[in-house]
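There are 2 protein chains.
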Amino acid sequence: MSTSEPPSRQDLPLGVFDSGLGGLSVVRALRACLPNENIVYLGDTARVPYGTKGKDTVVRYALACAQYLKQSQVKAIVVACNTVSAVAPAALRAEFDLPIIGVIEPGARAAVEASVTGKIGVLATAGTVASGAYPRAIASFSTRAETFAVAAPLLVPLAEEGWTTGEVPELAVTRYIKRLAGQAIDAVVLGCTHYPILRETIARVVQQELGDHVALIDSGEAAARDVLAFLSLRGLRRSAKESGTIHVRVTDLPGNFGELATRFLGESIAHVKQVDL
Amino acid sequence: MSTSEPPSRQDLPLGVFDSGLGGLSVVRALRACLPNENIVYLGDTARVPYGTKGKDTVVRYALACAQYLKQSQVKAIVVACNTVSAVAPAALRAEFDLPIIGVIEPGARAAVEASVTGKIGVLATAGTVASGAYPRAIASFSTRAETFAVAAPLLVPLAEEGWTTGEVPELAVTRYIKRLAGQAIDAVVLGCTHYPILRETIARVVQQELGDHVALIDSGEAAARDVLAFLSLRGLRRSAKESGTIHVRVTDLPGNFGELATRFLGESIAHVKQVDL
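One line per chain: the protein sequences are U and Y, in this order.
If you count the first sequence from 1, you need to add 1138 to reach the numbering used here.
If you count the second sequence from 1, you need to add 1138 to reach the numbering used here.
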């Protein structure tokens, strides 16, 4: 292929966006499944968080993020944000002729597959819980499944503060998980991209309060597996075999950007740029 | 006065803005000092929080908020947000020919007045701490004072979650206050409008960790006393003696708006409207 030709569709990057840096945990999962894909990540850090905001506001912000990624010529858009995946996919699909892959359907399906009792717990932001998106998605995969969703707003700031183990996160997580006790729940969905950072603590508390047979489902990991399946089926996997690049775009550059980003991504970031939407 | 005449300047409302609903704790303090003033409050709830965002972004948002209040014909603008008071007063004063009263200078002065040792602790958001605004303001009132500022990012979500007393806030507050121990600190500034909601817990922990002689300074209360002094000196207090009204404007209407707003304001809100900036 001559360098003057435009890249073929399969060689375009994947676009990923989130309200902030939490979605980098989804990029981490994508890297594990698809190490040679190039990724453009957009974190709307100037307007983070979305999880506490109203539906219309979130849809407006999501359209702006997707527009930016479209202009970056991506082959598909991964909505790494649970809140956006809960309220905006219809608007995104109506506006853009690109494949749009959210995190809620994959997470819901993985939970239905993992559950024997059909009783599924979901930890998420207030916005995601209020949307009812997880119960809806879970019901679409299993008519007998029952969903118990708990809003856990403190877990995002705990993850960002780096208080991931120890007394404070342990007590906060326990307070939320106790709301799921006594329901025969055997699968719990981490319904926010920040929660994998607290996975160790959440897993311990879930085992303690709900039992050690309970499966912990990371919606971001489930979405990454779906992206792999989608690209393979459509013949859209990148042809080059070398490791892909990650370009990070943020709408605000927080002071502790590097530290936070590394915590979510699990590797350091070479290319970061601030953009205005 | 005939109703067709424009209201005289003293009868115009006070404008108050904040990144979200926390600034209603400053409105509460204003109501205690100035019960007959009309107040227009703007909470930029679609872009809350500011405390984790960069300076340029915060200045841009603050100018938009002040522009809205100017169009609402207010007689003065109270910047209820510590983060904005830390980084944006110069830009606001350059742009608007209205009195601009922030919360940091009043809080700093009250702390200097309360302190004997000259060692002053400040609890604030990451953004306010990074700005260095409190040490600067405190130094401007006392050349011998020394400021110890601690970023306490978890306290905002704790206040919003309503976890204001009990083990989790107690442990989190203790972890932050311990960073002030051993410095002979005898005044601690609550440098964020959310913190008064946690005042009981913070006061108990401060007493326990730093001693019961330590003064707790609420910057919002200090600012309200300054507004009272300013309006009195300039002859700008409202002439009518009946109780003033509070009109609340928000850029996003969160689901639990009423509950949250009441927690900060201490009274229920009659007039609330969503606006686009």
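Rather than coming from a laboratory, the hints here were simulated on the basis of the structure.
Accuracy of the hints is not assured; some may be wrong.
[Said to hold, decoys possible] Partial pick of chain Y residues on the chain U-facing surface, computed with a CB cut under 10 Å:
no., residue
1, Val1186
2, Asp1194
3, Thr1195
4, Arg1198
5, Leu1201
6, Gln1205
7, Val1294
8, Pro1295
9, Val1306
10, Asp1390
11, Ala1408
By construction, the Cβ of each residue, glycine as well, lies at the ideal position given by its N, Cα and C atoms.
Here is what the structure says about each hint:
A hinted interface residue such as Y:Val1186 counts as satisfied when its beta carbon comes closer than 10 Å to some beta carbon of chain U; here the least separation is about 7 Å, so the hint holds. At about 8 Å, the closest approach between the beta carbon of Y:Asp1194 and any beta carbon in chain U falls short of 10 Å, and the interface hint on this residue holds. Of the supplied interface hints, the one on Y:Thr1195 holds, with its beta-carbon coming within about 5 Å of a beta-carbon of chain U, less than 10 Å. Because the closest C-beta pair between Y:Arg1198 and chain U is about 9 Å apart, less than 10 Å, the hint holds.
Checking Y:Leu1201 against chain U by beta carbon gives a least distance of about 14 Å; that is not within 10 Å, so the hint is violated. A least Cβ separation of about 18 Å between Y:Gln1205 and chain U goes past the 10 Å threshold, and the interface hint is therefore violated. With its C-beta approaching chain U no nearer than about 7 Å, Y:Val1294 sits inside the 10 Å limit, and its interface hint holds. With 10 Å as the threshold, the beta carbon of Y:Pro1295 comes within range of chain U, its nearest partner Cβ sitting at about 4 Å, so the hint holds.
Given the 10 Å rule on beta carbons, the hint for Y:Val1306 holds: about 5 Å separates it from the nearest Cβ of chain U. Interface hint status for Y:Asp1390: upheld, as the beta-carbon distance to the closest one in chain U is roughly 5 Å, under 10 Å. For Y:Ala1408, the interface hint is violated, since its Cβ never comes within 10 Å of a Cβ in chain U; the closest pair sits about 21 Å apart.
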